[in-house]
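Protein chains in written order, with the working numbering: chain A, 1 to 146; chain B, 1 to 604.
Hints in this document: simulated from the structure, not taken from any laboratory.
Model, not experiment: these values are computed from the prediction.
Where is the CB? At the ideal position from N, CA and C, for every residue including glycine.
Please note that the accuracy of each hint is not assured.
[Unchecked claim] Label pairs and their in silico Cβ distance ranges:
hint, chain 1, residue 1, chain 2, residue 2, range
1, B, P469, A, A6, 52 to 58 angstroms
2, A, F34, B, V511, 36 to 42 angstroms
3, B, A383, A, A6, 24 to 30 angstroms
4, A, I30, B, P469, 41 to 47 angstroms
5, A, K131, B, P469, 33 to 39 angstroms
6, B, P395, A, K131, 21 to 27 angstroms
[What the hints assert, rightly or not] Residues of chain B placed beyond 10 angstroms of chain A at every Cβ, according to the derived structure:
hint, residue
7, T102
8, E133
9, I137
10, Y202
11, D329
12, Q475
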Amino acid sequence: MTTDRAILLVEDNEDDVFLMKRALKGARVINPLFVVDDGQEAVDYLGGAGKFSDRGNYPLPAVVFLDLKLPLISGHEVLAWIRRRKEFESLVVIVLTSSNEASDLSRCYSLGANSYIVKPPSPEQLDDLAKAFKWYWLEYNQFKDN
Amino acid sequence: MAQLQTSIKKRVRAVILSASVIVLLVTAAAFVTYEAFAFRAQLVRDLSTLAAVIADNSAATLAFDNRAVAEDILAALRAEPDIVAAALYDREGRVFAKYPSTLETSMLPARLESDGYRFIEGAVILFMPVTQEQKPIGTLYLQSSFRRLYEQFWLYGTIVTAVLFGSLALAFILSTLLQKRISDPILALTQAAQTVSQRGDYSVRAPKLTEDELGILTDAFNRMLSETQENQRHLAEQARLLDLSTDAIIVRDMQNTIVFWNRGAEEIYGWTRAEALGKVKAELLYTEFPEPLEQIIGTLQRDNRWAGDLIQTRRDGARIHVSTRWVLDHDARGNPARVLITDNEITVRKQAEELMKSEARRLDALVEQRTVRLQETIGELEAFSYSISHDMRAPLRAMQGYAKALLADYKDRLDPDAMQYLDRISRSANRLDSLIQDVLAYSRVAKGEIGLHPVNLEALIEDILSTRPEFQAPQAHILVEKPLHRVLGHEAYLTQCLTNLLGNAVKFVPVGVVPDVRVRSERLDGKVRLWFEDNGVGIDPSHHERIFQIFGQVYPEKKYGGTGIGLAIVRKAVQRMNGEVGVESGLDKGSRFWLILNEVKYDN
Numbered sequence: 001m002t003t004d005r006a007i008l009l010v011e012d013n014e015d016d017v018f019l020m021k022r023a024l025k026g027a028r029v030i031n032p033l034f035v036v037d038d039g040q041e042a043v044d045y046l047g048g049a050g051k052f053s054d055r056g057n058y059p060l061p062a063v064v065f066l067d068l069k070l071p072l073i074s075g076h077e078v079l080a081w082i083r084r085r086k087e088f089e090s091l092v093v094i095v096l097t098s099s100n101e102a103s104d105l106s107r108c109y110s111l112g113a114n115s116y117i118v119k120p121p122s123p124e125q126l127d128d129l130a131k132a133f134k135w136y137w138l139e140y141n142q143f144k145d146n
Numbered sequence: 001m002a003q004l005q006t007s008i009k010k011r012v013r014a015v016i017l018s019a020s021v022i023v024l025l026v027t028a029a030a031f032v033t034y035e036a037f038a039f040r041a042q043l044v045r046d047l048s049t050l051a052a053v054i055a056d057n058s059a060a061t062l063a064f065d066n067r068a069v070a071e072d073i074l075a076a077l078r079a080e081p082d083i084v085a086a087a088l089y090d091r092e093g094r095v096f097a098k099y100p101s102t103l104e105t106s107m108l109p110a111r112l113e114s115d116g117y118r119f120i121e122g123a124v125i126l127f128m129p130v131t132q133e134q135k136p137i138g139t140l141y142l143q144s145s146f147r148r149l150y151e152q153f154w155l156y157g158t159i160v161t162a163v164l165f166g167s168l169a170l171a172f173i174l175s176t177l178l179q180k181r182i183s184d185p186i187l188a189l190t191q192a193a194q195t196v197s198q199r200g201d202y203s204v205r206a207p208k209l210t211e212d213e214l215g216i217l218t219d220a221f222n223r224m225l226s227e228t229q230e231n232q233r234h235l236a237e238q239a240r241l242l243d244l245s246t247d248a249i250i251v252r253d254m255q256n257t258i259v260f261w262n263r264g265a266e267e268i269y270g271w272t273r274a275e276a277l278g279k280v281k282a283e284l285l286y287t288e289f290p291e292p293l294e295q296i297i298g299t300l301q302r303d304n305r306w307a308g309d310l311i312q313t314r315r316d317g318a319r320i321h322v323s324t325r326w327v328l329d330h331d332a333r334g335n336p337a338r339v340l341i342t343d344n345e346i347t348v349r350k351q352a353e354e355l356m357k358s359e360a361r362r363l364d365a366l367v368e369q370r371t372v373r374l375q376e377t378i379g380e381l382e383a384f385s386y387s388i389s390h391d392m393r394a395p396l397r398a399m400q401g402y403a404k405a406l407l408a409d410y411k412d413r414l415d416p417d418a419m420q421y422l423d424r425i426s427r428s429a430n431r432l433d434s435l436i437q438d439v440l441a442y443s444r445v446a447k448g449e450i451g452l453h454p455v456n457l458e459a460l461i462e463d464i465l466s467t468r469p470e471f472q473a474p475q476a477h478i479l480v481e482k483p484l485h486r487v488l489g490h491e492a493y494l495t496q497c498l499t500n501l502l503g504n505a506v507k508f509v510p511v512g513v514v515p516d517v518r519v520r521s522e523r524l525d526g527k528v529r530l531w532f533e534d535n536g537v538g539i540d541p542s543h544h545e546r547i548f549q550i551f552g553q554v555y556p557e558k559k560y561g562g563t564g565i566g567l568a569i570v571r572k573a574v575q576r577m578n579g580e581v582g583v584e585s586g587l588d589k590g591s592r593f594w595l596i597l598n599e600v601k602y603d604n
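Pulled out of the complex, with its shape left as it was, chain B reads as follows (with noise of 0.2 angstroms):
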């Protein structure tokens, strides 16, 4: 400021001091340069007229040829101080007489010249022709000093320096006063300026110091402070809004530098305003784009704007989703300026999708496992019911295959009561094929519908245990608790499951236990329920689930032989009539098997 101060000050009066200096020394350069011309030419004329007397005195001298007056009038040239040298030269050219006496006559001009005058070094010397009657009888010469000149130049110089000093002097104080009222205007308006810039404080003002152009300046300074501060306040409020937003909305220039960064973006990104501004976006977010930048560019030049997500960096280095949109601004003449941008931030969104996306995909992967392990059940049962065809049924083939050949070949050697028996066999035979058949056919149908239809538990029952004899006695003690109520369902099915249940019952007993076995039925709200309690070995409650499963036999098949299959096929058939089975046991406590199914309403 000072500095400034003083360069304003100095430069104000180095103009006005050396204008003067200019002015004066041009000035005394005409006046020397006039004042020597015009000596010289007075020494001329003053040289002319004093010679032309000589000349026309000596004339007689030499008319006469006396010497002595002719050095006598010369001596007359003691009253001029500048004359250094003068001669008069005869007819022939020879020295006649000379001035002063004692001057050596090498130091007069060896030969004349023409007559006038001539200037030589520091003199101005001059040639006379003298005359007598019109006849050139001679010539005089004279020769004048400068010194008179010098004298009169030193005198000029030393007036023109002192006035020059003078002059100096007196500008420098009028300077001194002139330059305030020039450069203070400059100076409030500099400091003016300079608060602003410096404080960004648009409400000062330039005090207007004179009523000229300054005047103006300033005044149009101020209008202009007034306009920008009016502006700023704009701004600020504008800003202000911005700043309640809670997206950050961000400005960019064309050289990615961040020009704006309101308060939205400083809780996104915990980089200050003051820290962004001027920073290159992308490299202070280490943004992600999603799409190569020249791509987006692209658009952005091509739609004015583009929307996508972001991966960003915050300046804790957490990474964070965001949505940003962009918009391109132009300036006054259409190029492209500046770019908007919002970002909102999406993180947890972004997670919540990812953590969706994630899950899906380990249902897929869950769905996809179950789907082969169903496969993988399909398979067996596939491979199973292909077995049952083809193994269990040839046994049966032989069975009335033999006992037909023994009632056709053996007739005549049989009793009747061997012939009943044989044909027991043959019937029996029957049966389990066709029960075979049935588990086979149920095995195809499992997929679809099967309709069902009121049954006789009773009758099925009876059936049962009378055509297989380790359900009777003394083999076995099967007591039916009657009435059984009448169920919805599918006899094949429930065929099935009933000899399947009572199968086990009678099957699992300790070695010389005699099976007792209770079948008995309970009305619930709309279905019946079957029960099916026996004396056998019993089984833990942890394998309860397990005895359900396909093979999924608790005990050796050495020690009781079956597939392991008979209570997967009870489960799926009793599911297949829209009925439950279950289990309550504990191990050598009995079990007691149940089905509920789904009751016939005799009204209907």
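Next up, chain A with everything else stripped away, as it sits in the complex (with noise of 0.2 angstroms):
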């Protein structure tokens, strides 16, 4: 079971912010999680660009929450940034967003995406995603070592 790993919610939405982190806290996921709400400063923490230098308070994440329309980076070009780096290539990435369309799916995949969620459309079926989520991706997997 994995609980210092941190955990990343890339997403603007404040509602979507706020039911998500019910969620997990529902699903009792202890993880420290943080959030930004655009893809510049998904991509500013995740290469450790300004105050998240400061690895201490802003610790690399294990996984990833990515929504794909995000305010002045997409989503789609955060993943792409994430995979061109070598010491992310290990980096869990689960895109979640309300879009289902086909492009958009098949290109997070080719842009090397761990998986593609559809925001649940139900309060229960977003409390039963978490609990899945800390079942498969916590207490299963396995991550490498940073």
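Two chains, two frames, some hints: make the complex.
Written out as structure tokens, the structure reads:
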């Protein structure tokens, strides 16, 4: 069981942030959760730019929840940026989007997404997703040591 | 003509006269030559005889040295006027006696020459031995002048000249008579030939004046004329037939010179036959060839024919298109001799073709342009549906999420009414979400066929009205006149259509006016027309087409809200259900939107 590895949520919609946080809390995910609300900030966080250079307060995450439709830099571009970097090749990126367009799906997988999840339409389904995430990614999945 | 006549007459006469002159001259020359020789021989003979007599007579005078007798004997020579000098020499060669006695001794030969005669200038001299009893005792010298000869020659010359002129006069008279017999038939032939060549009249005939070779020639000439006349008639007939052709029929020789030009050619090109003959065709008509001329000539030589389309210029300067066919004709020895050209004007056809081509190009361009516009529209639609799927569903999730969170987290502090409201919020959000999903599904399947099923409009409208407060009193009065006829449609599409139309009906009203909407249906020959009549702001007729276009909003979004796509979706959905949509409205007069859909037949 992994509890100390950080999770980065890249999401510009406050409501989705609130609901996601609530769902994860409901599923008893206690890992440190960091939230950035645009693509540029996500890149800054991962690249350790500015205040994010302080890895004590902003640790590198083991899992990134990535929305696609983001201000400044789109989720696709953030994903491409991550996969261009050798140090992030094993970073788990889970695309969490409201788009179920076939074009988005195929593009994200070709860019190197580990998983693609359409945002659940109902709160119950979001709760189920949070539980499934914890069970699969935090209990069974083996992360590469940073 | 007159000149020619003179010429042939003169020539015949000249031939006869010069022949006569030559014959006369040769004859006279021969005669004179003969006479000269004969006279000289006679002279020598006479002189020798005379000398022999004198020598014989004077032998005694020499022997007896009787100079006076010798002088007398010599003096007898007076009877011979031609004897201009004579002398008797003794044995030692001294002059013994001389004649005439007054003659200076120096005029006599200084010394004796050998016996015999000799011609000197203008005279003949003779030395003869004087003998007595076979022994030479002296020499006789005689000199005879040619005076008599000259006199005779002069006489002959006069006779010959007289004969010559007499003969010439005779020859002239004869030749005048004779030349007519030769030159007249020739002149007649000449005249006939000239008539033919100048007037092209092959019907003339040369009169036959003699039965000799000229007669045969005249016959042959006339026969040739007959044949030519027949050929000419035949050719004229053929040319007349060729003239009947509306195609231009042209013959050119191997120097490109036009040798035949029919009436069709005159009509097509405007150049008369007389103007065209002898010209070079391509130069006369400024021909533009479809391929290099060398290539055309190559084809012509290889295949003996060539066909193609040319652009040529008429006499009036107009450019015309012709379809042309060339055939190479050979002479009897198999060498290329001429080209038969048949031109057919196709300007109108070409212009029609050009017009069709340009029209086709224009249509292609139009299709291209429309396709681009269509693709842009499709692109807009795709962007729109992407936007919907992303942006519009997010607030719905939030609504559902917060409603559930409230129900979960504040369960013990909410009364049953509040719980019910939260439930309604949650269900409405669900409905809206599924509607959005339906529309997205619709936009995805818009290209393909959709299944149509009977739809109960009454139930559908009830459902729509019950879930939306803005369709309910007191916000709005919506009256549904039952029964509504059952239609063949797609439920999600119809929900979309009705929601949009009712939504517009209650949205576009003047401030402070309560929307009043009436929904009713009528049957139209196997179809159902559904009316939505409102008391709204109405739409100016000039906008009736625009409002059905995507983002064809007429009213500012700030005032009434909306995406400007509602009616576009309605039209698209109705089209997919094989129906129609339209509006009857005027500004400030309310709107009457209608849908026409296929009716469901109950016996099916």
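Hint-by-hint comparison with the structure:
1. B:P469 / A:A6: 52 to 58 angstroms: violated, 45 angstroms
2. A:F34 / B:V511: 36 to 42 angstroms: At 49 angstroms between Cβs, range violated.
3. B:A383 / A:A6: 24 to 30 angstroms: violated, 36 angstroms
4. A:I30 / B:P469: 41 to 47 angstroms: With a Cβ separation near 43 angstroms, I30 (chain A) and P469 (chain B) satisfy 41 to 47 angstroms, so the hint holds.
5. A:K131 / B:P469: 33 to 39 angstroms: At 36 angstroms between Cβs, range holds.
6. B:P395 / A:K131: 21 to 27 angstroms: With a Cβ separation near 25 angstroms, P395 (chain B) and K131 (chain A) satisfy 21 to 27 angstroms, so the hint holds.
7. T102: holds, 166 angstroms
8. E133: It holds; E133 (chain B) is separated from chain A by about 174 angstroms at its closest Cβ, greater than 10 angstroms.
9. I137: holds, 171 angstroms
10. Y202: Y202 (chain B) is indeed farther than 10 angstroms from all Cβ atoms of chain A, at 94 angstroms.
11. D329: holds, 73 angstroms
12. Q475: Nearest chain A Cβ is 27 angstroms from Q475 (chain B), so the label holds.
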